[in-house]
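Put the two chains together into one complex; each comes in its own frame, and the hints tell you how they fit.
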Amino acid sequence: MLSQLRPALVLFLALTLTTGLAYPLAITGIAGVLLPEKAAGSLIQRDGTTIGSGLIGQSFTSARYFHGRPSATVAPDPADAAKTVPAPYNAANSGGANLGPTSAALSERLRTDVAALEAENPGQPVPTDLVTTSGSGLDPDISPEAARFQIPRVAKARGLSDEKLADLVAGRIQGRWLGLLGEPRVNVLALNLALDDLVRK
Amino acid sequence: MTLNGWIQIALFCATVLALVKPLGAYMARVFDGERTLLSPVLVPVEDGLYRLAGIDARQEQGWLGYGLAMLAFHILGFLALYALLRFQAVLPFNPAGQGAVAPDLAFNTSASFVTNTNWQNYGGESTLSYLSQMLGLTHQNFLSAATGIALAMALIRGFSRSSAKTVGSFWVDLTRCTLYVLLPLCVVYALFLVFQGMPQTLGDYVEATTLEGAKQTIAVGPVASQVAIKMLGTNGGGFFNANAAHPFENPTALSNFVQMVSIFALGAAMTNVFGRKVGDERQGWAILGAMTVLFLAGVTVTYWAESAGSPVLNALGLPGGNLEGKEIRFGIVASALFAVVTTAASCGAVNAMHDAFTALGGLIPMINMQLGEIIVGGVGAGLYGMLVFVIIAIFVAGLMVGRTPEYLGKKIEAREVKMAMLAVLCLPLMMLGFTALATVLAAGLAGPANAGPHGFSEILYAFTSAAANNGSAFGGLTGNTPFYNTTLGFGMLVGRFFVIIPALAIAGSLAGKATLPASAGTFPTHGGLFVGLLVGVILIVGGLTFFPSLALGPIVEHLAGAAGQTFATGG
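Read top to bottom, the protein sequences are chains U and H. Quick note: full-length UniProt numbering has the first sequence finishing at residue 201, numbered continuously throughout. Quick note: full-length UniProt numbering has the second sequence finishing at residue 571, numbered continuously throughout.
Next comes chain H alone, as it looks inside the complex (with noise of 0.2 angstroms):
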């Protein structure tokens, strides 16, 4: 570790703060119709769009009829994207000739787009036209994200409503949303990654000769104008299948640090807008103060190990920490960093190989998908999955001193607490589920590429990355199998709307609540006492269902790398 390293984390850690403020109030106002600088551009678009589709912007729906909203739009969604990626052979824009894609490999592709997975059984810039990158996932990257921010706008207000029928209206959310928020910042974010080196063309791949006059194909297309979408909007599916190891996809470390930047940004402005809306800002930055809690630890774990280097390399006395898999552009700190920045958050985008990190390094990257992704997460999905975690943490607080628990005046009841742990039941449910079921079958055993106890976390990482919504993965384990295919869809798709779903019910049922004014016996959510409560539970909770699975992954690989075990495929 180096003064410098630290000081690019500080670096990190205060721009993502100073856009907490002006991002979160920008936002809130978007999401209650208030004039913006953009709005003399964007009202008439947005009106125009309301009266094609038939939609009152003040007519606003209960949690059921907004969950079914949402549903319906996911339908379509999904079926659209897999029928291009079905047609793409014969529909334009495919200049490097690409075939159909596989049933199996278009519906775990579908699956994983629509739930802001971006789980990469593809291969970019080997299997996929430009239409499929443009009007299928650039597309479903928009509309994942603003679905995302959406549902967490539906729990804010039942948390900042009282005796209220209705939780918003899903498709203003929507529109609002992609036209006021996503679309705007990315025109300006694309130009600027264009002029850090991204491509963005649509022509042919390139062909070149190179220095040694060997023939090279260079995969080029629309790059930039995903590539921004894929960041801002936590998906991190990417272009090309080295995802943001890739220099066309990364080029330079400015686009890095910025990258990183753009993954936190909107999830932890949503902390703000929630303050803002609740009428009091403290309770945003207490949940903000948690999330920057456990997102510290993580780092400080994972730059530790990576900088310490791997038993493999430090055999051979080869210095300078654990270069395997990374680039050199990042180093050491910035792939680190790279690493907890997008499975804190439920990016997944990623600019080294997690697999090739160590044990250890890899460890907290799993850690993280497996809490939820509720350290700042996915935009929207981090709060409301977090809010989850506050319900409980509440509970928890209420047990213990005597009380009916309550959070900013609202009693929290059996039904949001049933609630909330259905939603933190699911995911290791699909997680542990599928990693049992894939270590025990055939088709399971055969997609790790490592041995040892390092295979095993291939699989466990790969369940926890697509129920947690994350998409990336230690890359070695071969998921374009109709085994993987299938099980990581699904996991997709039930570690989405099983969180989603009872998330907009413990809206509803906040929503009709009455507030009740503060007594002296309520609990402050806004201090220090709180952020220790809630960190605590999260990782109770978390370790207590996770720390079997690791022990037998990483922390077994950490003891066994230790003293200078190595494992062998086939042996």
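Pulled out of the complex, with its shape left as it was, chain U reads as follows (with noise of 0.2 angstroms):
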């Protein structure tokens, strides 16, 4: 064993610098260089403030924006840090719901969700991905179907007509790669920029 101890020190010292240090450093400093945006986060600034990732999903409540899905991220209590409280698309902890396929729990929010939905739209079959959360909790996207089940809802709260809602919508739609890999999808902060920018013009 003694013999052992210098080859497994020293290699294990050597490999530790190159994999765990030169070799994260290196390709830090070459993404940094060739795809400066994408390495620091794809982050969007507006007006000079950061206002978010366009990879990551963010809360939406008002009835002006398109809402993503649930998220079951939480943050700790601030009354009791051993807690947790749920803090809807909290990108400093990722995380799903873990509710299995018979809970109750899931059951019971997933029945209160839709009704929500049916009452807002009532007559059109509600999208699943509206009412489920996703696996981060930070999913960016929605179905396109998702999206065009919200258009009376932000049309009513922004004085705009559903066919242009419709158009935004559908000029927003992000195919299968190369019409095989994936899902069809829409990004919920992408189309809420342009929705802004439509209502600034």
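Be a bit skeptical, because a hint or two may be false.
[Said to hold, decoys possible] Lysine-lysine pairs mimicking DSSO-like chemistry, simulated, CA-CA at most 30 angstroms apart:
{"#": "1", "chain 1": "U", "residue 1": "K201", "chain 2": "U", "residue 2": "K156"}
{"#": "2", "chain 1": "H", "residue 1": "K411", "chain 2": "H", "residue 2": "K21"}
{"#": "3", "chain 1": "H", "residue 1": "K165", "chain 2": "H", "residue 2": "K513"}
{"#": "4", "chain 1": "H", "residue 1": "K418", "chain 2": "H", "residue 2": "K513"}
{"#": "5", "chain 1": "H", "residue 1": "K411", "chain 2": "U", "residue 2": "K83"}
{"#": "6", "chain 1": "H", "residue 1": "K411", "chain 2": "H", "residue 2": "K165"}
{"#": "7", "chain 1": "H", "residue 1": "K411", "chain 2": "U", "residue 2": "K201"}
{"#": "8", "chain 1": "U", "residue 1": "K156", "chain 2": "H", "residue 2": "K215"}
{"#": "9", "chain 1": "H", "residue 1": "K411", "chain 2": "H", "residue 2": "K513"}
[Said to hold, decoys possible] Rough simulated footprint, nothing fancy, chain U against chain H, three-plus residues with beta-carbon under 8 angstroms:
{"#": "10", "stretch": "205 to 218"}
{"#": "11", "stretch": "310 to 316"}
{"#": "12", "stretch": "489 to 501"}
{"#": "13", "stretch": "555 to 562"}
[Stated by the list, open to error] Sample of chain H residues facing chain U (criterion: CB under 7 angstroms; computed from the structure):
{"#": "14", "residue": "A53"}
{"#": "15", "residue": "G54"}
{"#": "16", "residue": "L76"}
{"#": "17", "residue": "E125"}
{"#": "18", "residue": "S126"}
{"#": "19", "residue": "M134"}
{"#": "20", "residue": "L135"}
{"#": "21", "residue": "G197"}
{"#": "22", "residue": "P222"}
{"#": "23", "residue": "P247"}
{"#": "24", "residue": "G475"}
{"#": "25", "residue": "G476"}
{"#": "26", "residue": "T566"}
Because the hints were derived from the structure by calculation, they are not lab data. In this text, a Cβ means the ideal position worked out from N, Cα and C, and glycines have one as well.
Right, dumping it as structure tokens:
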């Protein structure tokens, strides 16, 4: 065992420095030069302030905006650090709801959310993604159906026509990669930014 | 299930299969010390390392020496990582000001990364500094992966050599794997991931003001460099808590596809290395064939179950399958496929919350791990795990026809079968033993977030994942407690080393045997009959061992769900 000590120590140190420092720092350097915006987190600026990342969902509750999916992320309870409180789209603590397929709590939450959406847009089928939480709690996207479902509410709040918003949504649908991989989707933040621009004009 | 879904699955399988031969050929050359494209740059580095460490590259080790070198290296790695986590608060690269990791969590995380498990009781962005992520986790991702491949090479040499005393040099295998295979692939891969939108920065967490005027703190960091090796080395420990479901850790459908391919790439190529080294590539394809049969069966069940939706969703008439816990950019098929891939290999990265899968959709990941992750498996670990089952299958075949079992010209005798059984038995002991313990102790019962059979599944999944060195979780379980940190950490160490050491012993004993020429009575091990036998033995051994536990968890949950029953906590 003792004769193995020198190779073990030296190799461990050398490979630690190579793979644990040189490699990540080199990638950081190269990425910072070649792809600076992406390496920094695809941040979006408007009027000089950072409003978020194009890849990270954010919480929308106003009727004037399209909403993302329910988010199960939490934050430490300010009153008791051992507990947590709901904090939707907390991008410093990602995570899902982890409620199983026979969970009464999940069933109850779905029932409430479906009823609320049905009241908002009667007669239309409620899109599943608008009542299910995402894995990360930070899902930036909704399905095209979920975007269309919200058009009447947003149109009313903004005083815009349904047709105008339908055009806006249609222009924001991202298809599958090469028509094959993934699912069609709409980035909620990008859609809402376009919506604000539409109103500004 | 849709046509597009099956096309995505077919495209995945085709891409992995297309990589088997080129990667296998390259790796076989690397471990033989032959010249490759990268030799002009890397040979001087490699030689320099050996000089510094006092290693003679031509001096090989017997199985015991090989094993001791491996253990010495792991003990060092464990201690260094533990120290790093405990002291991260006073070390550099800590812009978010993370405090020291608690002792039980540091033990769990160290055991987890040293054993290539990468179970996440730590919270990534909420627990670890950038230095811990790079110097601790990224680094262990490389070394635990290289160790797995090195050990598989030792076992391969056991089969390919005749009357030999040595199985290779651990130091040389480890160095070559890191320098020639993992590092170059990771450099290209990490840059591709940044191109897809993955952050790679040492800057502070970003403070944003959302469109509605709220504050949002966005965790960033050196993500891409870690994710590249996390997937390629089948480690699976996330930079972020939500792992590959996090948009920064898996930004696009394309990054998701490439991540899935990279989980399988090296493990699948190892079967080809095996075939080349034993002088008959068909032997490698036969093993990959058995893996593929089991894999496709698993994908079909999980994809079907997730597409069919969960009982609570269907009760409200919500269409489109079980989207709870899944991301829109991946949808049902890419989430179901990812779950099967990550548990078939010992990766454990997740792009959707397995805890929220349907009962049967979550059953398959559990079975994949309980079988010992031999369906492609962890890099190296999958091959040596599968070869252990090959030995048992050959032994069973020998019993049936009354001949001394032989595999690739090596007589399989009592010692090999005993060692194979030791490796096969230690997994259920850890998985089922600790699950049983946790279900009777208050500290264990405090863990599950879900009630009823699903709560039991959360515990069973945790110990299964730990002992199999997978690292994925039914994430509702509160695992960051002294009880779970300790028992899961222990399960990981036993699950790793009590498979590795018997596998090395088999390598040593096989290498010492003479290779017999094939005769008319030799059972051919490259055809469909052998593949069928191997699959049968795996399913019978795995099924008999684990069916009762699965019946108490996912199976009863499926039946209860179908009957419209739900379970409330505290009721």
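Each hint, compared with the structure:
no.: 1; hint: U:K201 <-> U:K156; in the structure: holds, 18 angstroms
no.: 2; hint: H:K411 <-> H:K21; in the structure: holds, 29 angstroms
no.: 3; hint: H:K165 <-> H:K513; in the structure: holds, 9 angstroms
no.: 4; hint: H:K418 <-> H:K513; in the structure: holds, 17 angstroms
no.: 5; hint: H:K411 <-> U:K83; in the structure: violated, 60 angstroms
no.: 6; hint: H:K411 <-> H:K165; in the structure: holds, 17 angstroms
no.: 7; hint: H:K411 <-> U:K201; in the structure: violated, 82 angstroms
no.: 8; hint: U:K156 <-> H:K215; in the structure: holds, 27 angstroms
no.: 9; hint: H:K411 <-> H:K513; in the structure: holds, 8 angstroms
no.: 10; hint: 205 to 218; in the structure: holds (count 12)
no.: 11; hint: 310 to 316; in the structure: holds (count 6)
no.: 12; hint: 489 to 501; in the structure: violated (count 0)
no.: 13; hint: 555 to 562; in the structure: holds (count 3)
no.: 14; hint: A53; in the structure: holds, 4 angstroms
no.: 15; hint: G54; in the structure: holds, 5 angstroms
no.: 16; hint: L76; in the structure: holds, 5 angstroms
no.: 17; hint: E125; in the structure: holds, 6 angstroms
no.: 18; hint: S126; in the structure: holds, 5 angstroms
no.: 19; hint: M134; in the structure: holds, 4 angstroms
no.: 20; hint: L135; in the structure: holds, 4 angstroms
no.: 21; hint: G197; in the structure: holds, 5 angstroms
no.: 22; hint: P222; in the structure: holds, 5 angstroms
no.: 23; hint: P247; in the structure: holds, 4 angstroms
no.: 24; hint: G475; in the structure: holds, 5 angstroms
no.: 25; hint: G476; in the structure: holds, 3 angstroms
no.: 26; hint: T566; in the structure: holds, 4 angstroms
Comparing the model with each earlier hint shows violations of hints 5, 7 and 12; every other hint is respected.
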